[in-house]
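Colleague: Each chain, letter by letter, is given below.
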Amino acid sequence: MINRLKVELCGIEMKNPVILASGTCNFGKELNEKFDISKLGGLSLKGLTLNAHCGNSGERVFETASGMMNSVGMENPGVKKFIEKELPRLNQIDTLKIVNLGGHSKDDYIQGIELLNDADIRIIELNISCPNVKSGGMSFGIDAKSAGELVGDIRKICKHKLMVKLSPNAKDIVELAKACEANGADSLSLINTVQAMAVDIRKKKPFFENVYAGLSGPAVKPIALRMVHQVCQNVKIPVVGIGGISSWEDVVEFIMVGASAIQIGTANFANPHTAIKIIEGLESYCEREKLKNINEIKGII
Amino acid sequence: MAKIISNKKLNEEHFLLTIESENNAKMGQFYMLSLNNQKMMLPRPISIYDRTEKQLQFLIKIGGEGTKELSELKENDFIEIQDVCGNGFPQVAGKIALVGGGCGIAPMNLVLKELKAYDKSSEIDVYLGYGKEAFLVEGFKPLANEVIVNIGGYIIEDVDFNKYEYIFVCGPNIMMQKLHEKAKANNSNAKIYVSLEKRMACGTGICLCCSTKLKEGNKRVCKDGPVFLSDEVYYD
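Residue numbers (the working numbering), protein chains in the order written: chain A, -19 to 281; chain B, 36 to 271.
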């Protein structure tokens, strides 16, 4: 049987273009209890920082119309513990593992990359777009110049493929994307969550302790699609589309505007089996449309 | 998809939803109930009030738009539910108090049944605290040693902390905190287990939205809990 969904990302073959987004699949263990995660194209693992981080205090989730806001704040075990405790198990599973790395300072990123250089991984997703940490995080990802510099410095020392995750809160998403490409990014993923706010009218206070949080889900999909389209028109490196994807039709839209692969996030929370349903939907779609490979529709818009 | 068998209004705020679903759920566990609504995509975490092998029953309080929609489900409607979630209460025997506040009485019904099935010689007192009016009290009476009801006051004032080996609690955070403090003040030897409530997105342990700081570090209420030893919890 031919696999019509087989795609390639940065020279790495994937079973299909469906990746679970960072922060929506932890390190794969819980979902593997529910279904065989090796059926996925890949997993972008829970965002790491150099040192362990306990995340934000206070409420962390708020539902919005067709979406949700989160203020998890990069709770994670740190790079070293990840390499010791999570990676050996993950490497037994035949799917692409993408290691997501964030940081509070340039030094954090550099040291994190150095630790990961010797680890048995293939691709790093550089998170310069998390709106939920007070310092660093998204601040690197707003401005093309600072993002370009950071990516350039990391590229010099990083042994693995480098995917940069972009923020929709950037001043100019196209300039940002071009700066990352010019400084050696192998791939781009977008969009991270949209900075947003909720108010508790009874307490007369912001709902989140951090005041602002990240909005995701179908509510942001049209914005994500527009940004992925714009970026794909302006860079040559592969782009991974993210933002409110919850059906196979959504995936087809992202591929048509130029995405090489996609990530599913919030929809995993609504139903952990979403990704599998989407993969099945894409297979039937290719068959119906008589596509030998899903790539045939890539970038046709 | 699960079929609705019945949906019974208990009062203005509470209702009892019964659905058809094969399960082997245990006391203190919960389900994520999805809404048939594009606008609200996150499922609602709801603890199990009662069960048989083929049915699940949930006691639900209308807290917002999502639970209001669940209250409007009719017989023969369908809802999507996922696998059972959470750790549940431990199987213990002896002198036991079950303390529920408001909708927190929900898990105690199944707890009482399962603990009595586990060891029928266990002596189990049930304390039910209500804000305005009592409901579902009769259901506890056949198996409980005694059922103590408090309406409009503080149910924990009624608990004899030196009588029990185990106390299971579910209710508002402030009630669980006061119970913990009172047990300490009374030098109670009871092992206290609390069922925590937190806003959740996934219910499967992947989002870390319900992560809570306990004495041995962050724990996910949905996956590591919702039941924890009260001594492990920071009350603030």
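If you're looking for bench data, these hints aren't it; they were derived computationally from the structure. Think of the CB as a built atom: it goes at the ideal place given N, C-alpha and C, for glycine as much as any other residue. Treat each hint with caution, since some may be false.
As the list claims (entries may be wrong) - Covered by chain B, per the in silico footprint, the following chain A stretches (three or more residues, Cβ under 8 Å):
1) 4 to 17
2) 59 to 71
3) 250 to 261
Claimed, not checked - In silico negatives: residues of chain A with every beta carbon more than 12 Å from chain B:
4) -8
5) -5
6) 0
7) 26
8) 54
9) 86
10) 88
11) 132
12) 141
13) 192
14) 226
Unchecked claim - Here are the simulated BS3-like pairs of lysine-lysine, each with C-alpha atoms no more than 27 Å apart in a straight line:
15) 248(B) / 233(B)
16) 248(B) / 65(A)
17) 183(A) / 61(B)
18) 257(A) / 248(B)
19) 96(B) / 61(A)
20) 60(A) / 226(B)
21) 233(B) / 14(A)
22) 38(B) / 185(A)
23) 89(B) / 185(A)
24) 61(A) / 167(B)
25) 61(B) / 184(A)
26) 96(B) / 9(A)
27) 184(A) / 96(B)
28) 248(B) / 60(A)
29) 38(B) / 184(A)
30) 38(B) / 183(A)
31) 14(A) / 74(B)
32) 38(B) / 14(A)
33) 184(A) / 233(B)
34) 254(B) / 61(A)
35) 254(B) / 14(A)
36) 61(B) / 185(A)
37) 109(B) / 183(A)
38) 233(B) / 183(A)
39) 60(A) / 74(B)
40) 257(A) / 96(B)
Colleague: Residue 183(A) and residue 61(B) were given as a pair; does the straight-line alpha-carbon distance stay at or below 27 Å?
Modeller: Roughly 37 Å separates the two Cα atoms, so the pair is violated.
Colleague: With a cut-off of 27 Å on the C-alpha distance, tell me whether residue 109(B) and residue 183(A) pass.
Modeller: 35 Å, violated
Colleague: Below or equal to 27 Å on CA atoms is what counts here, so check residue 38(B) against residue 14(A).
Modeller: 22 Å, holds
Colleague: Please work out if residue 89(B) and residue 185(A) have their alpha carbons no farther apart than 27 Å.
Modeller: 45 Å, violated
Colleague: Are all C-beta atoms of chain B more than 12 Å from that of residue 226(A)?
Modeller: Its Cβ does come within 12 Å of chain B, the nearest being 7 Å, so this is violated.
Colleague: Are residue 248(B) and residue 60(A) close enough, with their CA atoms no more than 27 Å apart?
Modeller: 22 Å, holds
Colleague: Can the restraint linking residue 38(B) and residue 185(A) be considered satisfied, given a maximum Cα separation of 27 Å?
Modeller: 40 Å, violated
Colleague: Holds or violated: residue 257(A) with residue 96(B), Cα cutoff 27 Å?
Modeller: At roughly 32 Å apart (the allowed maximum being 27 Å), residue 96(B) and residue 257(A) break the hint.
Colleague: Keeping to a limit of 27 Å between CA atoms, is the pair of residue 233(B) and residue 183(A) held or broken?
Modeller: The given pair, whose Cα atoms are some 18 Å apart, holds under the 27 Å limit.
Colleague: Taking the minimum C-beta separation from residue -5(A) to chain B, is that value above 12 Å?
Modeller: 21 Å, holds
Colleague: Does residue 185(A) lie within 27 Å of residue 61(B) when you go C-alpha to C-alpha?
Modeller: 39 Å, violated
Colleague: Please work out if residue 61(A) and residue 167(B) have their alpha carbons no farther apart than 27 Å.
Modeller: 50 Å, violated
Hints 2, 6, 7, 8, 14, 17, 18, 19, 20, 22, 23, 24, 25, 26, 29, 30, 36, 37, 39, 40, counting from the list given before, are not met by this structure.
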